[in-house]
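Residue numbers (my numbering), protein chains in the order written: chain A, 1 to 261; chain B, 1 to 268.
Keep in mind that the hints are not guaranteed to be accurate.
What the hints assert, rightly or not - Once the Cα atoms are required to be at most 20 Å apart in a straight line, the calculated SDA-like pairs of lysine to any residue come out as: (1) A:Lys250 - B:Gly54; (2) B:Lys136 - A:Lys156; (3) B:Lys237 - B:Met255; (4) A:Lys159 - B:Phe243; (5) A:Lys171 - B:Pro91; (6) A:Lys171 - B:Pro134; (7) A:Lys171 - B:Asn94; (8) A:Lys156 - B:Glu130; (9) B:Lys218 - B:Phe243; (10) A:Lys250 - B:Asp97; (11) A:Lys171 - B:Glu104; (12) A:Lys159 - B:Lys136; (13) A:Lys250 - B:Glu104; (14) A:Lys171 - B:Leu133; (15) A:Lys156 - B:Phe243; (16) B:Lys136 - B:Asn94; (17) A:Lys171 - B:Arg106; (18) A:Lys250 - B:Pro134; (19) A:Lys171 - B:Gly240; (20) A:Lys156 - B:Val223; (21) A:Lys156 - B:Met78.
By construction, these hints were calculated from the structure, which means they are not laboratory data.
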Amino acid sequence: MMRNPRAIGERALPALTVMIFLLAWEIFVRARGIAPIFLPAPSSIAIYLYRMIIDGTIISNLGVTLLRIFVGFALAAASGILLGLLMGMSRIVARIADAWIAALYPLPKISLIPLLIIWLGTGEAYKIMISAVTAFFPIVISTYAGIRQVDQGLIKAAKDLGADQRQIQLKVVIPAAIPSILAGLQLGMGVTIILVVAAEMIGTSAHGGMGYLLISAGQVMETEKVFASLVVLAVVGALVIKLQQWTDRKLAPWAAHADER
Amino acid sequence: MDVVVDCVSKVWGSAGESVVALERISHRFHSRRFACILGPSGCGKSTLIQIIAGLEQATAGAVRIQVPGEGEPRQPGMDSVMVWQNLNLFPWRNVIDNVAFGLEMRGMPRAKRHERARALIASVGLRGFEQHLPGKLSGGMRQRVALARALILERPILLMDEPFAALDAQTKIIMQEELLRIFERTHKTALFVTHAIEEAILLGDEVVVMTARPGRVKEVIPVGLARPRSLEMVNTKEFGGLFDRVFHLIREEVMTSMAQQAAVVAGT
């Protein structure tokens with residue numbers, strides 16, 4: 001099969017810009033003799049990264065962070081979807097929950113950290129709680145919106161075909177809301193990652209984590225380690241989002257997904 | 001089964017800003033006959049067919065389903081099934097589960113309802129597409145799925161609300177022929193809403209012409225064309241005569257409807 005050379009060029013272009021950027025960075029640092037504690041060269045960051053992978057630093061800290069992300073996200077997803085569905089099905093629940101969400105949603109969740117540390121200490125419970133509370137809001141809001149925005153034509157059609165109220169809820173309303181629920185889960189995953197890493201940076205932890213690794217390397221000016229940790233976080237974050245987009249397409253192949261627009 | 005529309009009125013909105021969509025409509029749609037309801041857009045024909053389907057409530061008057069020779073009339077809804085203009089297929093269900101939806105709601109076991117659905121899918125020419133999602137099909141194929149989903153319930157009254165309005169001209173012709181074939185085989189009581197004069201005459205045993213809003217019955221034109229119908233009949237003198245008659249009726253109403261819309265635009 002003939003490949004369009006221009007199409008190949010377009011695909012390679014982003015990678016090329018990254019390479020040029022790294023090369024320029026390397027030359028700049030070496031030519032000016034900049035101290036590594038301010039700005040290490042990409043090559044030395046790579047060496048540090050390699051060492052940190054070999055000695056297990058990355059694996060252990062990343063593992064802890066991913067576990068926290070997973071638990072926080074699972075809690076937020078379960079409670080957010082459940083409340084969103086209840087709001088969609090009961091006007092009274094929606095009225096009450098709406099008021100609470102309107103009051104609490106605009107509050108920057110990060111400002112709850114002092115309170116949560118007072119109540120829960122600086123251990124696992126606080127880190128999981130802060131990420132779950134933050135992710136809960138986009139998930140519950142998207143779930144409720146998905147249920148409210150169900151095409152009335154589909155509901156009428158189901159009714160015409162003999163569905164009763166319960167069947168309409170289970171067989172039409174909930175499936176129709178799935179794309180919106182998945183979109184909420186994606187937003188929730190994004191903030192979970194942010195909040196877990198932020199929480200790890202604030203409550204010093206015996207059990208580590210990527211946020212802890214970052215802040216402790218920063219405090220002793222091991223700038224190469226800081227950069228190496230950032231690279232790991234960026235790559236893992238991108239992988240998690242990609243994985244989620246892939247599962248979304250598997251779960252809701254009929255819907256238009258955000259990454260296809 | 002006869003569909004008896006008895007002095008049905010429908011008013012949308014509250015006391016302050018209300019729109020009279022239908023005004024004292026009465027008509028008897030006879031068993032096993034094909035009736036086309038023709039009117040300018042906004043004349044309330046979709047509202048009327050949804051009231052007949054039992055999906056909307058009339059503000060005044062009533063719709064009854066009357067079995068000829070039996071005493072007690074029945075409530076609308078149970079004996080009819082609708083094919084919608086925008087189809088309203090369930091996008092997350094594949095073809096076979098869309099078609100089998102009504103049977104699933106009745107609690108029919110999966111194997112049995114799939115068997116029935118497969119037969120219906122084959123009868124509308126979609127064999128091999130059972131596992132496709134509606135989004136992957138062309139407009140004409142989706143239309144066939146919608147027809148099969150309605151026909152599988154074997155209800156005696158088939159309601160259609162501009163089902164072919166969104167199709168391209170060629171596909172529309174094929175679907176009209178398909179519908180004629182189905183009608184001639186099953187002889188259901190068929191009510192077909194349209195704003196296309198040719199379509200109304202080609203398909204119907206009678207054309208119920210409605211007025212611009214508020215919708216009333218302006219005139220009922222019987223169509224004496226022989227069955228089975230075919231598209232070639234469009235070129236006959238008889239068809240031409242009917243077309244002229246309906247055209248002049250509908251023309252006045254379209255003018256009124258356009259004047260109403262212009263007034264709304266001017267008012268905003």
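For each hint, the structure was consulted:
no., hint, in the structure
1, A:Lys250 - B:Gly54, "violated (37 Å)"
2, B:Lys136 - A:Lys156, "violated (23 Å)"
3, B:Lys237 - B:Met255, "violated (27 Å)"
4, A:Lys159 - B:Phe243, "violated (37 Å)"
5, A:Lys171 - B:Pro91, "holds (12 Å)"
6, A:Lys171 - B:Pro134, "holds (17 Å)"
7, A:Lys171 - B:Asn94, "holds (14 Å)"
8, A:Lys156 - B:Glu130, "violated (24 Å)"
9, B:Lys218 - B:Phe243, "holds (16 Å)"
10, A:Lys250 - B:Asp97, "holds (18 Å)"
11, A:Lys171 - B:Glu104, "holds (10 Å)"
12, A:Lys159 - B:Lys136, "violated (25 Å)"
13, A:Lys250 - B:Glu104, "violated (24 Å)"
14, A:Lys171 - B:Leu133, "holds (16 Å)"
15, A:Lys156 - B:Phe243, "violated (34 Å)"
16, B:Lys136 - B:Asn94, "holds (10 Å)"
17, A:Lys171 - B:Arg106, "holds (13 Å)"
18, A:Lys250 - B:Pro134, "holds (16 Å)"
19, A:Lys171 - B:Gly240, "violated (48 Å)"
20, A:Lys156 - B:Val223, "violated (32 Å)"
21, A:Lys156 - B:Met78, "holds (14 Å)"
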